[in-house]
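Student: The task is simple: from the sequences and hints, build the whole structure.
Here the protein sequences come in this chain order: A and B.
Per our numbering, residue 1 is the first one in the first sequence, and the count goes up by one each step.
Per our numbering, residue 1 is the first one in the second sequence, and the count goes up by one each step.
Honestly, the hints are just simulated from the structure, not real lab data.
Accuracy of the hints is not assured; some may be wrong.
To be verified - Below, simulated SDA-like cross-link-like pairs (lysine to any residue); rule was C-alpha separation at most 20 Å, straight line:
#1 A/Lys222 - A/Ala143
#2 A/Lys266 - B/Ile110
#3 A/Lys266 - B/Leu117
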Amino acid sequence: MNRSRVAAPAWGLLKIGITVLIVFPFIFILLLSFRSMTDIFRNPLGLTGNWVPENFERAWNGPPGGTGFANYFFNSIIVVIVAVVVSAVVGAVAAYFVSLLPARWRARVLMIPLIATIIPTLALLIPFFQVFNAWGLINNPVALGVLYAGLSLPMTMLILHAFFVDFPHELREAAAIDGLGHLATFSRIVVPLSQPSLLAVSLLNLIWVWGETQIAIVLMQKAASQTIPVGVLTFQSAFRSELGPIFAGLSLATLPLMAIYFVFNKTISRGVSMGGTFR
Amino acid sequence: MTSRAASGNAGLRVPTRVVLLAAFPALLLLGAVFAFPIVQTLQLSFSDWRGFGPMEWTGLDNYVDVLNNKAFFEALRNTVVFALAATVGIVASALLLAVAATGGGRFDSIYRTIWFLPAIVPGTAAAVFWSISVQPQSGVINSILGFLGLGSDHAWLGSPDTALWVIVGVAIWTSTAFPFLLLAGAIDRVPPEIYEAARIDGAGGWSQFRYFTLPLIRPVLTMVIALQLIWNFNAFTIVWGMTRGGPAGSTTILPVLLYQEGFKNGDFGSAAAMGVLSSVLLIALGTITLRGSASKAAGE
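Tutor: The structure is reproduced here in structure tokens:
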């Protein structure tokens, strides 16, 4: 948008203000995770006192007899891998073949994932618990990963479908002339050429799974099975008033995703603008 | 009947059964994760179930209980206040950020990268950080207020008058990033010639935004508002992470009440009835938002 020159300094100040508001929690989490309890209480804004890198060691190992982030990380990684891979594979196959249907049918089939995106979790939560309970899957991160795959499937399908619909049909025709079947065309031609979109969708799913709490808190009840977001809460009650290890834990919960984000931020923002939907 | 894949793929027809076969795992998973639980929640809402054993049909008992429960209506009130306030705050902030980051400025892409950061923080981590930050004395926020001479001993989360509003503020911090990026993308797609024409007609910055940008991004904006309403209605994570619904139930929104009723008190039937009632309300609310805006767009 074009703005008058007079307003430019005001916008500049606003942008700096917004940036400060957004960035300062990250800086404080990191700074406070290196400080001791007494120093934080004496002066939370200052940088005085001892440098306490042991906070990270305690966050990683957890309180004596309890569980720490080493454990939460392990569970989160299992859950993320299962959810992201299952969602991408199942969603890509479905989205591709649906994109080959006539327009009228495509619209009808896509109503299913579209409706699914507006269903609130609170309408689904108790049956998740019942089924996990009945099948002995409570505290099982792999099963949680499969559940997440299903829940992220609508978004995966909608984004990938939007991409596949524009896939150049000449390429598919060429493959057909070369004698490739539908499945071979998909796996050998379409998938390799769709990697940026598959990556974008998978990263969005990763962000969602990494933070999901409402379902995980119900299904992962033992600390040993908990993922990072639920672990953060368990951890907070375990350390109660010891802020150093809690902040170190918050750093550990956030930093891996920040690293991934700074590497892939172009891909992620393209994924957001492609899909528009996200749980 | 054979399906004809004529959607710009002339000459390449995929038999319906191949499509069905390919979509089958997805449909199965969607059925298991969405359709089955909805039916099951409905059934549960007419039953008594305490977390084990068979479900016992009890008719409308749960609904009668819920509708006679003062806590349900308090939670409903909290939920509506929270969802509306958070949605208004988030959408307004997202629009402001989107406009600020689309002026063709030199650092726009850097701002976009940084301003998306809150979206990748796990909700509980943000909740724990902010709840510690607003503690009296030791909290960062109170220290800053103290530094500014405004007093450092406010128990923001300890008072039923302020707790919900603190959470609204945190919701705005955590949830503005996604809609911001979406709206920025929509504004990017507005053809620059439109602004040229507007400027020639003498439209200033605000009129350009009001009469050109806003109508052109309306479809994205409407979707953002509807989805934000739904998610904020269901905002379990930050509320649980910050206050567990307290003090004195002042931040108990429906998802929190449902969690307590079902998973803490073991009354899953009533919890399911709450889930059904709030989902019906929510979906009605979302539909009205979408319809209202669609008819308004059609009327212009």
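Student: With reference to the structure, classify each hint as holding or not holding.
Tutor: Now the hints, each set against the structure:
Under the criterion of a C-alpha separation no larger than 20 Å, the hint pairing A/Lys222 with A/Ala143 is consistent with the structure, at around 15 Å. Among the hinted pairs, A/Lys266 with B/Ile110 is consistent with the structure: their alpha-carbon atoms are about 11 Å apart, no more than 20 Å. A hinted pair counts as satisfied when its Cα atoms are at most 20 Å apart, and A/Lys266 with B/Leu117 qualifies at roughly 13 Å.
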